[in-house]
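Use the sequences and the hints to build the structure in full.
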Amino acid sequence: MTPELTALFVARAGDHHAGVHPCTPAELPGLLATLLAGATAVVLPAGTPPQWTARLGPPTLPGDTLTATELDAPGLAVLTGCALAVAETGTLVLDGGAAQGRRLLTLVPDHHVCVVRAAQIVADVPDLVIALPDPTRPLTMISGPSATSDIELNRVEGVHGPRRLDIVCLPPG
Amino acid sequence: MSTRHPPPGRQLPIVAVTPFPRAAAGALRDAQLRANLGRATRTIREKRAAVVAEVPDWEQLRDRAARVKDDVLDRLPELVDRFTRAATAAGATVHHATDAAAANAVVTDLVRAQGVDRVVKVKSMATQEIGLNEALAAAGVTAVETDLAELIVQLADDTPSHILVPAIHYNRGQIRELFARRMPGFHADSDDPAVLAGAARDYLRRTFLAARVAICGANFAVAETGSLVVVESEGNGRMCLTLPDTLIAVVGVEKLLPRFVDLGDFLRLLPRSSTGERMNPYTSIFTGVTPGDGPRRLHVVLLDNGRRRVAADPVGRAALRCIRCSACLNVCPVYERVGGHAYGSVYPGPIGAILSPQLTGQDAGHNATLPYASTLCGACYDVCPVKIDIPAILVHLRQTGPKPAAERAAMAWLGWTMRDRRRWRAALRAARSGGRPLRVLGRRHGGRLRRAPWPLSAWTTHRDAPLPAEESFRDWWHRTHDS
Ligand code: SF4
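As they're listed, the protein sequences go chains W and H.
FYI, the working numbering numbers position 80 of the first sequence as 80, with every residue one higher than the one before it.
Position in the second sequence (from 1) plus 173 gives the number in the working numbering.
Check before you lean on any hint, since a few could be wrong.
What the hints assert, rightly or not - Listed next, the stretches of chain W that the computed footprint assigns to chain H, with coverage defined by at least 3 CB atoms under 8 Å from CB atoms of chain H:
#: 1; region: 38-51
#: 2; region: 112-118
#: 3; region: 156-163
Said to hold, decoys possible - So the derived label-pair ranges between C-beta atoms look like this:
#: 4; chain 1: W; residue 1: Asn154; chain 2: H; residue 2: Ala204; range: 17 to 27 Å
#: 5; chain 1: H; residue 1: Gly211; chain 2: W; residue 2: Cys23; range: 43 to 53 Å
#: 6; chain 1: W; residue 1: Thr40; chain 2: H; residue 2: Ala565; range: 51 to 61 Å
#: 7; chain 1: W; residue 1: Ala46; chain 2: H; residue 2: Arg258; range: 30 to 40 Å
#: 8; chain 1: H; residue 1: Leu382; chain 2: W; residue 2: Leu153; range: 23 to 33 Å
#: 9; chain 1: W; residue 1: Ala46; chain 2: H; residue 2: Thr548; range: 57 to 67 Å
#: 10; chain 1: W; residue 1: Asn154; chain 2: H; residue 2: Ala603; range: 57 to 67 Å
Derived from the structure by calculation, the hints contain no laboratory data.
Just so you know, even glycine gets a beta-carbon here, dropped at the ideal spot from N, CA and C.
Put into structure tokens, the structure is as follows:
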């Protein structure tokens, strides 16, 4: 959770072709509104802090009750937090806790915006497996948008998961 | 304990039906394949080298991982038991299958019980090893492969040629043509990889949303917690793991790790060795069932299929450390030229050459030819994240396996000749005088012998031999010093 770890996380997540946006708490509502302005609707898991949604333009949908088919509607985006993040690999770790919801929510919609607090960043994967509060929760580690290199080794982003991943990173303290 | 060998009549897809040299000779004539493989293996090799160099304690990581896996092999029954208890407590149903037939029967029954004739699948080596798709087809169930490369291979009625990039032997034009013929609803006129991947996304999205049963494998299974780990890139894995009501995981017993924290090292080793990434896009870790999130039924089929027998071989057992990263394929000079199909097994390359013959027994099909599919250069050992000394196991299998008749004859003759000085000198002279006419021919081939008489022909079928010298050192010494 040092500034160095945050800087490494920002650099490494960027290497995965995710959009990475460091910002201050005061800038957060405006930044999220900008990132999500193009969505037809924004899916929110239970426990999303109200300040994240204070300035959102598109309508919001409660993530708890949506079916997979409903989540497949065109133009949908999802806004979540995470459980932890890994600096060395630029990885987000979700465990279904507050502001994260079911695994489907960050899989079916085409755009995922994730808020990371600097205090959630650990150095590497060995630190992560020790820091996880409960390893038996359903865990998803996300390192950049979904991708394939199966056709002539050309990288194509967004095969099945969200084609666009934006990470908003709040500073330490 | 499993049956010793697969039952006759039904060959597992890990049994070579053609001797490796003959299959390799065929593959070597395919220039397109060689070009694709060369480019793919070179690209992945370079990416891997760059991200491995970033980790200062890489060698210690490899040592630790090898030790953990060896410990797992020492304690297999205990860890199988622990996993079974933990997973069951978390809401999973655990089945134990001694061989391929048993595993296929369990999975087929589970699918039938859900009353479906279509399942979605995540790429899994274990299910390929047991021929699960074929077994399901025989029971009237279609298994849809959802990994893009596996889908390509499946639509083409082909088999994978690489563990990590199974469709590397297809180019974009061939893939577009294939989609147009075999993928329902496909009508794109571009062969841009992004367009082709987009078409696969649309087709599979419909399939995922309708699927009620999914089948997966696992990269790791944690005995302590009963958790399964699935490492992937595309998100098709996540779709299969979370959308359908019923999930069936087929997991080789050697995938077990004792403790959850062991994942720390293995999740650092695998993506860097495999795709050359610091981390793959998606890793899912799940334990039993979670109400309200993902499948309501989870079945885990723990597969032996020869593994406990391999674990009992003090040298060969190290092959079971393998985490299927495919790094050894990408550095292998033999694999790079012949490709995966020549190995006649779902496990190609150096790991295939030591794993297939051990899982089946060397007398299955032509699997005894596989340990010879190597120059013993050792590049595979250097890159292996779990430090499997593949060359040592190759030599071990050559020593313990059936020998070709020509080699036996040549070695017996050589032993007899070399035991006696007079016989040896006479043999050398005979070789020289026999070599004279050959030398005339050989000059045209740069002093090399292209084809020797039997039994030495076994040697020269695949390589040139030097011609015997015109004079031996001993004769030269006598001529120039003694008189
Ligand atoms: S033998 Fe080693 S290098 Fe080859 S696939 Fe297995 S783990 Fe990777």
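Taking the hints in turn, this is what the structure says about them:
{"no.": "1", "hint": "38-51", "verdict": "violated (count 0)"}
{"no.": "2", "hint": "112-118", "verdict": "violated (count 0)"}
{"no.": "3", "hint": "156-163", "verdict": "holds (count 5)"}
{"no.": "4", "hint": "W:Asn154 to H:Ala204: 17 to 27 Å", "verdict": "21 Å, holds"}
{"no.": "5", "hint": "H:Gly211 to W:Cys23: 43 to 53 Å", "verdict": "46 Å, holds"}
{"no.": "6", "hint": "W:Thr40 to H:Ala565: 51 to 61 Å", "verdict": "60 Å, holds"}
{"no.": "7", "hint": "W:Ala46 to H:Arg258: 30 to 40 Å", "verdict": "32 Å, holds"}
{"no.": "8", "hint": "H:Leu382 to W:Leu153: 23 to 33 Å", "verdict": "30 Å, holds"}
{"no.": "9", "hint": "W:Ala46 to H:Thr548: 57 to 67 Å", "verdict": "59 Å, holds"}
{"no.": "10", "hint": "W:Asn154 to H:Ala603: 57 to 67 Å", "verdict": "60 Å, holds"}
Consistency note: the structure conflicts with the earlier hints numbered 1 and 2.
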